[in-house]
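*Asks:* Model the full assembly from the supplied sequences, consistent with the hints where possible.
As they're listed, the protein sequences go chains H and X. Heads up, the first sequence is in my numbering, so the first residue is 1 and it goes up one at a time. Heads up, the second sequence is in my numbering, so the first residue is 1 and it goes up one at a time.
Note that these hints are calculated values from the structure, not bench results. Each residue gets a CB set at the ideal place from its N, CA and C atoms; glycine is no exception. Heads up, some of the hints might be wrong.
The calculated label-pair distances, taken between Cβ atoms and stated as ranges, are [to be verified]:
1. Ala261(X) with Glu130(H): 50 to 58 Å
2. Glu130(H) with Phe102(X): 30 to 38 Å
3. Phe102(X) with Val88(H): 48 to 56 Å
4. Phe14(H) with Pro188(X): 50 to 58 Å
5. Ile186(H) with Lys56(X): 42 to 50 Å
6. Glu130(H) with Ala159(X): 44 to 52 Å
7. Gly26(H) with Met37(X): 33 to 41 Å
8. Gln140(H) with Leu220(X): 52 to 60 Å
9. Ala261(X) with Gln248(H): 52 to 60 Å
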Amino acid sequence: MSAIISVENLRKEFRYVRRRRGFAAGLSGLFARDIQTIEAVDGISFEIAARERVAIIGPNGAGKSTTLKMLSGILEPTSGAARVLDFVPWKQRRQLSYRIGVVFGQRSQLWAELPARDSFALLRRIYDVEAKTFAARLAQLVERFGLGALLDQPVQRLSLGQRMRCEIVASLLHGPALLFLDEPTIGLDITAKAAIRDFIREHAGMEGQTVVLTSHDTRDIELVCDRVIVINAGRIVVDQPTDQLRRQFLGHRLVTLRSAAPRIEISLPGVVRRVSEPHISIFEVDTRTTRVDAVVEAALALGGIEDITIEDPPMEEVVREIYAAATR
Amino acid sequence: MKSTPLPRAELAGTIAAALSAFGLGVRRNLANWPILMGRALFYLVVMAVLSALWDKVAGQNLPGTLATVLPPGGLTLYVGATEWITLSIAAIHLRLEDDIRFGLLEPQLLRPKPYLLQKIAESMGDTFARLLGIGAAALVALALSGRSAPPAIAFAYVAVLGVFGGAIGVLLYTLVGLAAFWVRRVLPPYLIMQKSMFILGGLFAPISLYPDWLYHAARLTPFAANTFIAGNQMIAPSAAAFGAGLAAQLAWIVIIAILIALVWRAALRKILREGV
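*Replies:* This is how it looks when you write it as structure tokens:
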């Protein structure tokens, strides 16, 4: 599969003047400036193929936003190369903008005082979309996202979840091949988050779009993306398929047993009981020591088991482990 | 696959998008009609105070004062026009400041049409809607006041010059807003610009009443083109002054637009290098 994003040894350093305390120091600073350099992105390289859904994650200040800005063309790198959809983003930002859709969870692209319909109409002009194509695409998105009744309400009267659905529709109206999503579910309730994730996954799958997502919500990553790039201190720490990453970094699975007895005890090496409610027992299994089926067998042998659930650990734990490993 | 438009289609597309943004600015003001009404009411209150003041000054009929220079009630009519323009100008500097300081600029830079042109067009739409709303209130108030009015042609001159004066105001405030790239908060440059517009633009009294040297100096600034040129038609309407005033306004629009383009280019270089 051909790469639609290719990044090679991309670096970005920011320079700023450190202010000195005190009047005299401040005055001397006018003549001899104390310039500090921060290496925000430190020589990263990767490729993203068409139709891939990739999460770029990392702690605050890791360099992921800087990377996204360079890939979308609003920041020039200090050195290195990148091509996005065959464009050099910071040199061909305008041409690239026709092919990408962007959603910034905390920054609205809609006009608050007006109905979303008016914003969409202006975006049609901004992206030079033919009226017929626009009408068909809008109708399809409105139906799929259940926006019918909301289109004519001023955006400022919509709930955050409703507004975010409108934001995503706005980013798709020009039919982009690549979607950049920056914290698309931030601040939403569980239902709204689920709706957004389902929509992104399904829409991107149907339209063959490539998705690059950043989020601090690990469920966004788990449920939307099939690959994770972890950035820390400006460098790529991990670049793996989501499932593989989860298993490699923890090697743990969670076995939840619902039982007639209030509590179940399993004594096997590498199996640790977690705090849980009566009649529900959660065991964390180190699969490098004990296989999950051995735990299930042991549980069934005890009798009175009503339900068994086997899950991967939450992504939060995976990410915490990755960061810990990166700093060791 | 979406391709990039050809240059001519690109220009047409840019103009269409700007017109669409202009329309959005107009619609936004109409949608917020209570705010527009409030603005018109404020205009009427300001005019009630200023007309009382200037009528009293004129009523003294003292030699060497304004009363001997201007037609009866002329000062009130003049200030009615200058206030009409001043209160209609959209606060584009605040919108630019918000976009720049709070990172709202970034998603908008990722669009194919020029961000600043879209913002200016939108603010022109805001200004135009306000000129219509406040202008209607002014005409109704003038009719109800029973004051003697200038000839009808003067209103036509003022309407045209007022629109272009408002456009100059939007462009001047755009320059103020762009200062946010360097100073973050635009209040200091805004205050300097606003006071210059008030004094050198002749908001409260025609600059033709200033000492000669000051009058000629003020005429050489864009501030006179912002308000004085339109207001002066209420006290000394003439086709020649209208033509000259319109030419001066168009010249200033071109000059300020070039200045804005240069500042924007420098700002864009800064953003691409340092981020927002």
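*Asks:* That 42 to 50 Å hint for Ile186(H) and Lys56(X) (C-beta), does it hold up?
*Replies:* 60 Å, violated
*Asks:* Determine whether the Cβ-Cβ distance between Gly26(H) and Met37(X) falls within the hinted range of 33 to 41 Å.
*Replies:* 50 Å, violated
*Asks:* CB of Ala261(X) to CB of Glu130(H), is that within 50 to 58 Å?
*Replies:* 30 Å, violated
*Asks:* Evaluate the given range 50 to 58 Å for the C-beta pair formed by Phe14(H) and Pro188(X).
*Replies:* Hint violated: Cβ distance 26 Å, outside 50 to 58 Å.
*Asks:* Is the hinted range of 30 to 38 Å satisfied by the C-beta distance from Glu130(H) to Phe102(X)?
*Replies:* 34 Å, holds
*Asks:* Between the beta carbons of Ala261(X) and Gln248(H), is the distance compatible with 52 to 60 Å?
*Replies:* The hint (52 to 60 Å, Cβ to Cβ) holds, given that Ala261(X) and Gln248(H) are roughly 53 Å apart.
*Asks:* 48 to 56 Å was suggested as the range; check whether the CB atoms of Phe102(X) and Val88(H) agree with it.
*Replies:* 28 Å, violated
*Asks:* Quick one: are Gln140(H) and Leu220(X) within 52 to 60 Å, going by C-beta?
*Replies:* Check passed, 58 Å falls within 52 to 60 Å.
*Asks:* Given the hint of 44 to 52 Å, is the C-beta distance from Glu130(H) to Ala159(X) inside that range or not?
*Replies:* 37 Å, violated
Hint compliance for this structure: hints 1, 3, 4, 5, 6 and 7 are not met, and every other hint is.
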